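**Student:** Sequences are here, hints too, so could you generate the full structure?
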Amino acid sequence: MYPADYRYTKQHEWIQVQGDLGTIGITDYAQQELGDVVYVELPKTGVKITAGSSFGSIESVKAVSEIFTPVAGEIAEINSALIDTPEKINQDPHKSAWLIKIKLDDPNAVSNLMDAAAYQSYIAEAAKEHSA
Amino acid sequence: MNTSATLEVRKTALNSIHRRLGARMVNFGGWDMPLEYSGIIAEHEAVRTRAGLFDVSHMGELEIRGPGALQLVQWVTCNNAAKLAVGHAHYSGLMTPRGTFVDDLLVHKISDVHYLLCVNASNQDADFEHVVASNRSDASAENAGPRYAQLAIQGPRAKEILQQLSPVPLDPIRYYHFTFGKVSGVECLIARTGYTGEDGFEIYFAPEHSEKLWNDLMQAGQPFQMLPCGLGARNTLRLEAGMCLYGHEIDVTTTPWEAGLAWICKMEKAPFLGSDALAQQKLKGISRKLVGFEMSDKRIGRDGYPVLMGGLEVGRVTSGGPAPFLKKNIGMAYVPPESSAVGTNIDIGIRGQAVPARIVATPFYKRPQ
Numbered sequence: 293m294y295p296a297d298y299r300y301t302k303q304h305e306w307i308q309v310q311g312d313l314g315t316i317g318i319t320d321y322a323q324q325e326l327g328d329v330v331y332v333e334l335p336k337t338g339v340k341i342t343a344g345s346s347f348g349s350i351e352s353v354k355a356v357s358e359i360f361t362p363v364a365g366e367i368a369e370i371n372s373a374l375i376d377t378p379e380k381i382n383q384d385p386h387k388s389a390w391l392i393k394i395k396l397d398d399p400n401a402v403s404n405l406m407d408a409a410a411y412q413s414y415i416a417e418a419a420k421e422h423s424a
Numbered sequence: 194m195n196t197s198a199t200l201e202v203r204k205t206a207l208n209s210i211h212r213r214l215g216a217r218m219v220n221f222g223g224w225d226m227p228l229e230y231s232g233i234i235a236e237h238e239a240v241r242t243r244a245g246l247f248d249v250s251h252m253g254e255l256e257i258r259g260p261g262a263l264q265l266v267q268w269v270t271c272n273n274a275a276k277l278a279v280g281h282a283h284y285s286g287l288m289t290p291r292g293t294f295v296d297d298l299l300v301h302k303i304s305d306v307h308y309l310l311c312v313n314a315s316n317q318d319a320d321f322e323h324v325v326a327s328n329r330s331d332a333s334a335e336n337a338g339p340r341y342a343q344l345a346i347q348g349p350r351a352k353e354i355l356q357q358l359s360p361v362p363l364d365p366i367r368y369y370h371f372t373f374g375k376v377s378g379v380e381c382l383i384a385r386t387g388y389t390g391e392d393g394f395e396i397y398f399a400p401e402h403s404e405k406l407w408n409d410l411m412q413a414g415q416p417f418q419m420l421p422c423g424l425g426a427r428n429t430l431r432l433e434a435g436m437c438l439y440g441h442e443i444d445v446t447t448t449p450w451e452a453g454l455a456w457i458c459k460m461e462k463a464p465f466l467g468s469d470a471l472a473q474q475k476l477k478g479i480s481r482k483l484v485g486f487e488m489s490d491k492r493i494g495r496d497g498y499p500v501l502m503g504g505l506e507v508g509r510v511t512s513g514g515p516a517p518f519l520k521k522n523i524g525m526a527y528v529p530p531e532s533s534a535v536g537t538n539i540d541i542g543i544r545g546q547a548v549p550a551r552i553v554a555t556p557f558y559k560r561p562q
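Chains as they are written, first to last, in my numbering: chain V, 293 to 424; chain S, 194 to 562.
Note that these hints are calculated values from the structure, not bench results.
Every value quoted in this text rests on a predicted model; they were computed, and no experiment measured them.
Ideal Cβ placement from N, Cα and C applies to all residues, glycine included.
A portion of the hints provided could be inaccurate.
[Stated by the list, open to error] Just a sample of chain S residues kept apart from chain V, beta carbon distances all over 12 Å, derived: (1) Pro260; (2) Arg291; (3) Phe321; (4) Ala326; (5) Asn328; (6) Glu506; (7) Ser533; (8) Arg560; (9) Gln562.
[As the list claims (entries may be wrong)] Covered by chain V, per the in silico footprint, the following chain S stretches (three or more residues, Cβ under 8 Å): (10) 489-496; (11) 513-519.
**Tutor:** Structure below.
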């Protein structure tokens, strides 16, 4: 479910690093929380973003959620297919519904993020609070 | 997600069934209710094309009884209950002395001396106190919410599904009429009413029969692919149908004239609570008017977002979001009456950007007759 080579944030984004390129998306847990996604707002390529900043938003029927980057860098590519088919985020959040690819300022910046096991514990805790 | 666990959170008799079905729960006005089961969009589409089942047992019921029952109902509401025949219901407003809304509600005439008022879940206790405080008639009011459970079955196949469980012929029950009869052997008030813009029924019964009725209806609905539906779809459906939601389009600051609800405000039965203020406002004119709007692109103007005209803020979105059946983004807002004509271009402020929209006629959706 949660790919072993990804790293995960407390805001439920995932990042896969290959060389100095990072691919960012939101996790399956996040898409479940959001409900049906109806619109995605993504930045333009070439934009520089800082770690921890919001780079766009995902809109579900009921709410808007900002999306945050755990790393700094320059937007290299955006997944424009999501503009016409935002529901892909619900269907395939870890693969084809990636959001942006970013050229990392520091390819080692993800080392302090959660791995798959840590993220799964993290959401297990969150789910427990939920059903209270 | 709002998961605040308040001490006083109330539950309907079907709470464990909703959880067992995997519903995402939400605290709605102090009630632990299902927001969605399979997804708001799927549930919305089920109601528009097949059928959906809603647990609406959180709604309140006020029973007005006695020789002065009609007199009391006439005093506290704005629609003309004298026009109701037995077995007939109408949409109305519970009014403050200023002619604004304490709540919106359905008034059902059960007999000359007995009316059932169905009110909003979060307002039921305040509504009851308001009716009691305003009662100068030979009539009693009962806060009967705990004695009633309520299910709504809505959609083009709703009647077929419900008919399988009831000996009462449903076809002759006209829209906004009701009768008493058995569903799955349980005594119910069966009303051809709803909050979705589709054909359908709302049934009222004693709470101990909730699980049986829910399960029997779900089973009868299975060949029709009826879905259980939550508050998320309830909201998108009523918005598409151009219906008001208390706390959004109407509240203690809004009058029927402002909210486009002149059709339920019958001045010919005056005096009633608020009628003087309403007569005054009718003479003076209103300073704001509720309109429907449609976004120009995929961006969504949501509740509370500013409405801009010529760069100036002229109002706020009262309800806004995607319309899953129409596949547009719609909303309602208050704007100055002189700028409220259908076709008027407006902007909605979305995170600092002025996004174009257009005033359109409501309802946005009308079911095929």
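**Student:** Going through the earlier hints one by one, which of them does the structure break, listed in rising order?
**Tutor:** Result: no hint breaks.
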